[in-house]
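J.: These protein sequence lines are chains E and P, in that order. The numbering used here applies: residue 2 is where the first sequence begins, and numbers increase by one. The numbering used here applies: residue 33 is where the second sequence begins, and numbers increase by one.
Where hints are given, some of them may not hold.
Stated by the list, open to error - The calculated label-pair distances, taken between Cβ atoms and stated as ranges, are:
#, chain 1, residue 1, chain 2, residue 2, range
1, P, R520, E, G89, 47 to 57 Å
2, P, S315, E, A86, 30 to 40 Å
3, E, P71, P, K319, 54 to 64 Å
4, E, R10, P, V127, 31 to 41 Å
5, P, A142, E, G89, 28 to 38 Å
Just so you know, the hints here were simulated from the structure itself, not pulled from any lab data. None of the values given here were measured: they were computed from a predicted structure. Cβ coordinates follow ideal geometry from the N, Cα and C atoms, glycine included.
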Amino acid sequence: MPEVTEELRVVNSLGLHARPAATLVQTVLKFKSDVHISLNGHRVNAKSIMGLLTLAAAQGSILVVTCTGPDAEEALTAVRNLVEAGCGES
Amino acid sequence: MEVTIRGIGVSPGIAIGPALTFGVQAFDIPKYQVENVDTELARFERAVISVRADIERLYERTAEAVGEEHADIFKAHLMFLEDVTLRDEVERRVVSEALNAEYLVGEWIARYTKLMASVPDARFRERTQDLVDVGNRILARLLNANLESLDHLEHPSVIVAHDLSPSDAAKLDMVNTLGIATDVSGPTSHTAILARAFEIPAVVGLKFVGSHALPGDTIIVDGRTGVVVVRPSAKTRARYEEEKVRSERSRAALQAKELKPSVTLDGHEVPAMANIELPVEISHSLKTKAQGIGLYRTEYLFLNRATLPTEEEQYEAYAEAARAMAPATVTLRTLDLGGDKFVSHLHLANEINPQLGWRAIRFCLERPDIFKAQLRAMFRASVHGNVQIMFPLISGVDELRHVKSILQEVCVDLERRGVPFKRDIPIGSMIEVPSAVEVADLLAKECDFFSIGTNDLIQYSLAVDRVNEKIAHMYEPAHPAVLRMIRRTIKAAKAAGIPCGVCGEMAGDPMFSEVLVGLGISSLSMSAVAIPVVRSQVASIRYSLARRFASRILNMGSVAEVREALHRRYSQRGQLDPYAEGAADANIAGAAGEEEC
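Just need the whole structure built from these sequences, with the hints factored in.
T.: Quick look at the structure:
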């Protein structure tokens, strides 16, 4: 099973709060692969809004994104594009 | 024992009935081993499906009543419901441990509530309530417990609660909810907005009503004055019953008959306009034939959300109002946040004395990014109708000049970009700080209209915080100082040849209609539901006599005298049907006779 990992920086001025977290969940739900995000040793399922909220990722935090599954590459690309674009916000 | 509590009236009208106290749900959750895992999984699945249907219904109902932006919270609830951790944890443990679903849902709620409570950022923590709300819905389904149901009340009742969540407020049984009284929340909360939309009398910010009222206690909610009486004496109850019958009868009579224009018997016009808080209220205003929007509060665009509204979003909202009301005017007030209103994303610090703090125009002048985006949106919307802009909390000439220099920059910018807008739209100053009254003659030379915000003016000039239980009774529109300040402001406006309206609660109180008209006010702006009553007041008075009445009032020294005189004139008018031929003339003749005594 392919697995890819990348570090991504949160650019949203308010961090990964409810709205961007929801956008992120909706995006990763489209993929078959498992997507996990770690921050400071806390690892959550990126398909869970609550998981993402408990990360409380502030602006500037570095997320470690790991995608595992048949479409891992595509999933990672989608997450990268989204996080770098501020998850639809600035 | 009769207990009187003062809060903030957010939806007018009087309700009298038994209290239905509505509290936080506590479930007794059993834990047991299930015999058939598949049956248990199916039971959980059915609960989730029915909760999903419930939430979708709440979304639609709220969106229809007050607009989609206020229904967004239910979209968030759906996400919590669909969350993979819920499915994973419950389904996995049903299979592996053969435990019952409600126990596992309870564990899930507890686990994530705890996790979210440990998050250092308050904005993330705030979402915990949504999680609990959704979790409780699933539990109620699984346990076949009725969530204390607000959507089907058995008897007509007055809802008494510490607070109502958006879900609770959206479910209100519109037929059997007589009135609402809550301890917390303010005029822009969901509860307040929905109560107004459904014309249910409501008072919020009562602080202690939850601990005073027991289930079944008779309770009176007066949404005009913000007074709530628990266990009223027979005398108090009779007084309110009478007042309720009178206001309902006049309202029904007003609705049944063709509305008269807001013109006095001797032909002096004082337009009745609407104050609006939400776009949905534009249609209410049109229904009551409001002659314009005298106060368009823009705060709703900024509240209950995590980010700032874009210029485009604001432009759409203002343009919609301008188009709907044209050719009547729409008076847009720039952002009046701070004070008691809280916006999480603006990082407004908690202040010890928020009413005297960093709010309204003071805030906007420090945040030109926010202010300019709003002004650009307003100017762009001006091409769709008759828009004017007014500024809250102006305390003197320097502030007004500063505001105007920013306006100038915005206009130059729009012009350079070739964006269409009307350059000459009227610019007004709200008069709500005592210092502005003192320099009203100077301000009048530098703007196009005044609008007196009586709520704040009274609060600031009498030094009364009306949310403070101990002194709220000192908040008094009939105070001679308040009436003199209004007269002084009108005089300054007249000398400069600009109009001066009133847009505070006083404008919507029929008791004050005659004195305000007599003082020379040029328009009255109020919540739409008050318009028919106030307009009928205006239509039943004579301007020449109202002026004499006003000058008599101005010579009175005490609040009691003023109140007594206002009440006498008002009840004389009220005894006669204002629409009966000659009735009002006879009424006024009687009043004039009394005056000469």
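J.: Look at each hint and say if it fits the structure.
T.: To see whether the hints hold, each was checked on the structure:
Between R520 (chain P) and G89 (chain E) the C-beta distance comes to about 52 Å, which sits within the given range of 47 to 57 Å. At roughly 38 Å, the beta carbons of S315 (chain P) and A86 (chain E) sit within the given window of 30 to 40 Å. The hinted range of 54 to 64 Å is satisfied by P71 (chain E) and K319 (chain P), whose Cβ atoms lie roughly 58 Å apart. Taking the beta carbon of each, R10 (chain E) and V127 (chain P) are about 39 Å apart, inside 31 to 41 Å as hinted.
For the pair A142 (chain P) and G89 (chain E), the beta carbons lie near 32 Å from each other, so the given range of 28 to 38 Å is met.
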